[in-house]
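2 protein chains.
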Amino acid sequence: MIEVDKLISGGRILKMDAEMTIIPDGSIAVKGKDIVAVGEKSQIEARYRAAEVIDAGGGIVMPGLVNGHTHVAMTCFRGMADDLPLMDWLNDYIFPAEAQNVDADLAYWGSLLACAEMIRSGTTTFCDMYIFENETAQAAKQAGMRCLLGEVLFDFPSPNFTTPAEGLAYTENLFKRWDGDDLIRIFVEPHALYTCSEPLLRDAKALAQRYDAPLGIHLLENRSERIQLEQKLGRGAVSFLRDIGLLDERLIAFHCVCMDEHDIRMFAEHGVKVIHNPESNMKLASGVAPIPEMIDAGVCVGLGTDGCASNNNLDMFQELDSAAKLHKVHRLDPVVMDARTVLETATRQGARALGMDHLVGEIKPGKKADIIIIDTRKPHLTPMYHEYSHLVYAVGGADVDTVLIGGKVVMRGRRLLTIDEYEAIERVHSIGERIKAGMKKP
Amino acid sequence: MIEVDKLISGGRILKMDAEMTIIPDGSIAVKGKDIVAVGEKSQIEARYRAAEVIDAGGGIVMPGLVNGHTHVAMTCFRGMADDLPLMDWLNDYIFPAEAQNVDADLAYWGSLLACAEMIRSGTTTFCDMYIFENETAQAAKQAGMRCLLGEVLFDFPSPNFTTPAEGLAYTENLFKRWDGDDLIRIFVEPHALYTCSEPLLRDAKALAQRYDAPLGIHLLENRSERIQLEQKLGRGAVSFLRDIGLLDERLIAFHCVCMDEHDIRMFAEHGVKVIHNPESNMKLASGVAPIPEMIDAGVCVGLGTDGCASNNNLDMFQELDSAAKLHKVHRLDPVVMDARTVLETATRQGARALGMDHLVGEIKPGKKADIIIIDTRKPHLTPMYHEYSHLVYAVGGADVDTVLIGGKVVMRGRRLLTIDEYEAIERVHSIGERIKAGMKKP
Chain A
72 MIEVDKLISG GRILKMDAEM TIIPDGSIAV KGKDIVAVGE KSQIEARYRA
122 AEVIDAGGGI VMPGLVNGHT HVAMTCFRGM ADDLPLMDWL NDYIFPAEAQ
172 NVDADLAYWG SLLACAEMIR SGTTTFCDMY IFENETAQAA KQAGMRCLLG
222 EVLFDFPSPN FTTPAEGLAY TENLFKRWDG DDLIRIFVEP HALYTCSEPL
272 LRDAKALAQR YDAPLGIHLL ENRSERIQLE QKLGRGAVSF LRDIGLLDER
322 LIAFHCVCMD EHDIRMFAEH GVKVIHNPES NMKLASGVAP IPEMIDAGVC
372 VGLGTDGCAS NNNLDMFQEL DSAAKLHKVH RLDPVVMDAR TVLETATRQG
422 ARALGMDHLV GEIKPGKKAD IIIIDTRKPH LTPMYHEYSH LVYAVGGADV
472 DTVLIGGKVV MRGRRLLTID EYEAIERVHS IGERIKAGMK KP
Chain B
72 MIEVDKLISG GRILKMDAEM TIIPDGSIAV KGKDIVAVGE KSQIEARYRA
122 AEVIDAGGGI VMPGLVNGHT HVAMTCFRGM ADDLPLMDWL NDYIFPAEAQ
172 NVDADLAYWG SLLACAEMIR SGTTTFCDMY IFENETAQAA KQAGMRCLLG
222 EVLFDFPSPN FTTPAEGLAY TENLFKRWDG DDLIRIFVEP HALYTCSEPL
272 LRDAKALAQR YDAPLGIHLL ENRSERIQLE QKLGRGAVSF LRDIGLLDER
322 LIAFHCVCMD EHDIRMFAEH GVKVIHNPES NMKLASGVAP IPEMIDAGVC
372 VGLGTDGCAS NNNLDMFQEL DSAAKLHKVH RLDPVVMDAR TVLETATRQG
422 ARALGMDHLV GEIKPGKKAD IIIIDTRKPH LTPMYHEYSH LVYAVGGADV
472 DTVLIGGKVV MRGRRLLTID EYEAIERVHS IGERIKAGMK KP
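Top line first, the protein sequences correspond to chains A and B. Counting from 72, one number per residue, gives the positions in the first sequence under the working numbering. Counting from 72, one number per residue, gives the positions in the second sequence under the working numbering.
These are computed hints drawn from the structure, not numbers from a lab. Hints should not be assumed to be uniformly reliable.
One copy or two, it doesn't matter: identical chains are merged, so the pair holds either way.
[To be verified] Keeping only pairs whose Cα atoms sit at most 20 Å apart, straight-line, the calculated SDA-like set for lysine to any residue is:
no., residue 1, residue 2
1, LYS112, LYS435
2, LYS449, ARG486
3, LYS449, ARG483
4, LYS479, MET455
5, LYS435, VAL480
6, LYS449, ASP491
7, LYS449, LEU488
8, LYS449, ARG485
9, LYS303, ASP126
10, LYS449, ASP472
11, LYS212, VAL480
12, LYS104, GLY251
13, LYS435, ARG118
14, LYS102, ASN205
15, LYS507, ASP96
16, LYS276, ALA117
17, LYS104, LEU271
Input sequences plus hints: build the corresponding full structure.
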């Protein structure tokens, strides 16, 4: 018998590998931070012995979800201003509220609350862009969550830096501060082509290359951005990115709503990754990204919630449902974005989009033990014909029972083990009261 | 002091009246089945005394949601066949599975399981169309749920009747059987214009008039139905309904995806009610109903989930979220279908659409005490700026803590008090196994 630390036994294991293997009554052996074996329960239990056996109770056992694009500290602005014209929303609410309120304290507590919300809804890895990202990293570390994060960079001052050079220096400090950390990974994040000059974009790329990290950017989120960029750049945004040397496998582009066939072909040829944010695109009336076309063209697509000001929650299971349904109604085709394809964007493909597929996104020996157990013994999950259908169309975040990240149990029976959730709620409640007090009266 | 049976105290009460009154720290006095008073906690507690005080714990207290169109027994087919072309889905899966499997037993247990799911997600009234509706009524009665239901009628035989006349007789028996019941209301439901002959439609209308009940019908769910009906009827479907005398305040039309301006004007002029089913319309790629246009024209619009084969759950909070977001992205306008408007379709307007606004849809003295309490002390509901935004964009069904229907507590602290939920799960699980065994192999 081989000694391991944990056995997760008695669930339907969805490996989310390329073959989409399902093991109806399986076990996973975990040693330290890693998965060491997965297979039929009887076979695994005959070979491995563990001090701790986690009973999956016949539920679904699968890789933790990967939230490919969010701004977690924006939980503090959740529902502050909805149903408004885009420019009023940004200029009268979000930007002033950020300028007045965002500091290290807000970033830490907003992020910790977000981690509580994400763990509770089955997300184990998130990719973040905001200000004071060192505080977000500290919150993720406290929560035991895996992440890829970067300080948002633009030409104008932020509450955390004055010049672009300071923003880049802050990012470089993040690389140094978190170097070798097993949970926190850093990347470089120029905000968008309409907020970043060409020199900043080139410097950002150079920094990403120096630390062999990805580069993330908001891109072509809506039609007015597309038109504005064509005027500003004298060419298409994707052609511009190619011309200045940013169009490569390092690039992760968020949103990509207004992409034409030529853009998609260039993305596929250069190995650019895309993160799809359907609920934010719906709520902000940005449009419908041509995601089925991108997947058909061979572009790697992940899924994200975007921030809480534009969604308004971080529940990736709801996002799966919206991703599957939105493209069907938009193309009047009930076959596109089937449950399996959608689920891949939040697991294996989502991990690949972030350059983290060597770590997460599948249940496989050698990968990190980022595993969630879903309690399926509920009215709205009965009966069970197809696991993927249930996960996309019926499961909600609140059905997640147990979460492991890097072999550590961070939630068991819906009780969080790494976060004092009531403290986080109280802190963010107080921050919300302060924000309200300073708000423009509608 | 006035003696009442229950006081619900210490929550933010959303009355959902025409003025959209919110009482930040309110109380509701309940006597028997009815609300007798609502107001500031201090004022209500100074006037009313109750044996039982339900502490809302600072949560949101609001009318139970009204699911305006569903087929509850279809929980048994939840996720059986997804992501398929519409005609394959119907002809190869749903119709054969229904013909082979639907009987009184399936209808009862499928409906009871649905009641468990609906109560758990804050629905207190549902409007149902299926076969063996007497069994659905019995399940609703057992669950203590309020409903409006009718046997589906068409020209061909169903598992429950051979001729249309038998279907009408079954419906008439339902009227007699449930006459005077405080929870169960009956109406007449011809399936659709493409499945019902003109004589059946006229007979259905006569029956509805005889019992002074509404008449419900699927209408213009997708483009191919619109084209098919124009060919069959030699005119538009709405004009046909007018010509045969069905277009009046009694009529509740489900879906109404493919309506033009003229149709909408006729609906408004004749007082026809509409039930919107956005998630089903998305998943089946039916299209986007012109709901903002209907509301602008003065048409009364309610909200429904449709059945579990095309959604795949009965969570009205998810449906609210989808309704708000779908129309924004479809019209590229972030202002349409704001949170308040959407919430009205599931409460006051939803009740009016079903002809039940004298009973439910608002927190108001004289209405039935159909009340839900939402626990907002959760990460994903923090902070709180606007209650309506939270309810539409952040709350999920699993946040509902306590549910009263007609003054009776049917769920408390997420424990169901009227349904043995594990028995219902086991029964429907077994039915699912039987259905699977008889299924066409994909």
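Right, here's what the structure says about each hint:
1. LYS112 - LYS435: within (15 Å within a copy, 56 Å between copies)
2. LYS449 - ARG486: both (18 Å within a copy, 12 Å between copies)
3. LYS449 - ARG483: both (17 Å within a copy, 17 Å between copies)
4. LYS479 - MET455: neither (29 Å within a copy, 32 Å between copies)
5. LYS435 - VAL480: The answer is within: 18 Å in one copy meets 20 Å, while 47 Å across copies does not.
6. LYS449 - ASP491: The answer is between: 12 Å across copies meets 20 Å, while 27 Å in one copy does not.
7. LYS449 - LEU488: between (24 Å within a copy, 16 Å between copies)
8. LYS449 - ARG485: Answer is both: 15 Å inside a copy and 12 Å across each meet the 20 Å cutoff.
9. LYS303 - ASP126: neither (58 Å within a copy, 58 Å between copies)
10. LYS449 - ASP472: both (12 Å within a copy, 16 Å between copies)
11. LYS212 - VAL480: within (14 Å within a copy, 43 Å between copies)
12. LYS104 - GLY251: within (15 Å within a copy, 64 Å between copies)
13. LYS435 - ARG118: Intra 17 Å, inter 65 Å, cutoff 20 Å: intra-copy only.
14. LYS102 - ASN205: neither (30 Å within a copy, 56 Å between copies)
15. LYS507 - ASP96: Cα proximity of LYS507 and ASP96: across copies only (19 Å, versus 51 Å in one copy).
16. LYS276 - ALA117: neither (50 Å within a copy, 68 Å between copies)
17. LYS104 - LEU271: neither (38 Å within a copy, 67 Å between copies)
Taken one by one, the earlier hints fail for this structure at numbers 4, 9, 14, 16 and 17, listed in ascending order.
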